[in-house]
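Kindly generate the complete structure, drawing on both the sequences and the hints.
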Amino acid sequence: MWKSWSKWSSEQLVLFSGQLVHLLQSGIPLVPSLAILAEQKVVSERLSEQVRKHLENGRSLSDSLKAESFPDLFVSFIRAAEEHGDYSFGFKQCEAYYRARSKFKRDLKRASTYPFMVLLLVFSAFLFLMTVVLPRFQVLYETMGIELPPMTKWMLTIFNGMNVLVWCLLGTILFAILIGITVKKQGMFWDRILFRLPIVKRYRQFRFTHYIAIQLGSLLKAGVPLLRAWELMESLSPWAYLSIQIRQMQKKVEQGFPFFQAIEETSVVFLPTFSKMIALGEASGRLAESLLHFARGTEMVIKDRMEQWTRSLEPIFIFAIGIFISITVITLFLPMLQLVKGL
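Take the sequence shown: its position 307, counting from 1, is numbered 307 in UniProt numbering, and each next residue is one higher.
The hints are simulated quantities; they were obtained by calculation from the structure and are not laboratory data. These numbers were taken from a predicted model, which means no experiment stands behind them. Honestly, I wouldn't trust all of these hints.
With a straight-line Cα cutoff of 30 Å, these simulated DSS-like cross-link-like pairs (lysine-lysine) come out [what the hints assert, rightly or not]:
| id | residue 1 | residue 2 |
| --- | --- | --- |
| 1 | Lys-201 | Lys-303 |
| 2 | Lys-276 | Lys-252 |
| 3 | Lys-276 | Lys-221 |
| 4 | Lys-303 | Lys-109 |
In structure tokens, the structure reads:
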């Protein structure tokens, strides 16, 4: 069931994390827990044995999982758990994140599969109309000396220019990919691009805010000093762009700025309410609890937004299908009506 290379699926990570949380909370040590999961076929025996060897050789659990090609974000959660000493909490975070991600993918697939197939069939019929049917009408009209309807001529002009448009689009995409590969920090490059897109920027703000709130709150709750926690967050972050923002905020804090003010002045990657919540947490002396509470609220908002988006996707597809069908019918039947009038 488990892959021994490349990346893991969200379902596999949810199963692995959830089962390991139950075993650890039952008081079973880590290595025996991995052996039990291998016996239950939750993980492969090879994975259990490799992680055990890594641990015996003095490597941390996060490094061991990274060596087995676990995702960077998963490894980041476990590294933070190693710092605050609670593996169970770290694996709970992994389970919650990848369970939400898996549900989003399922909902997205369920909402888009049927409309997408219908849209594909309609588009195929439209291509047949533009490449086979209408060119014959055009030849017939030229023979009879009848002018094509304006809308049909307009569609033919657009279609004839589509070849150039498609090649230009493919060339642009290929050029962007090549630039991304050649940039030293590819993640940084794409994060800068994504933060220029309003919808994507908003989602990333939610995701970054949730990540920082839950990780930093866990570290502070475990007694890690704030500056040390910031250093850890910079090294733990799986996003290069976020690491740079954390470094800038850390410099502000070292200069004596309040935590909330450092976030306001140096970072655009968090939600606007994040700094206000931190100000209240600092004033009350319960910053760790405030961060963890804010993280739970942000997680609920993320789940709600993702569900709303997947629910709205199907009507969008249906609307697109309706437009394609309307254009196809009008483009096909207008020449027929024009031909009847010309006879």
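Check whether the Cα positions of Lys-276 and Lys-221 lie no farther apart than 30 Å.
holds, 20 Å
Is it true that the CA of Lys-276 sits at most 30 Å from the CA of Lys-252?
holds, 17 Å
Could you grab the alpha-carbon distance between Lys-303 and Lys-109 and see if it respects the 30 Å cut-off?
Within the cut-off at roughly 16 Å; holds.
Keeping to a limit of 30 Å between CA atoms, is the pair of Lys-201 and Lys-303 held or broken?
holds, 16 Å
Comparing the model with each numbered hint stated earlier shows that all of them hold.
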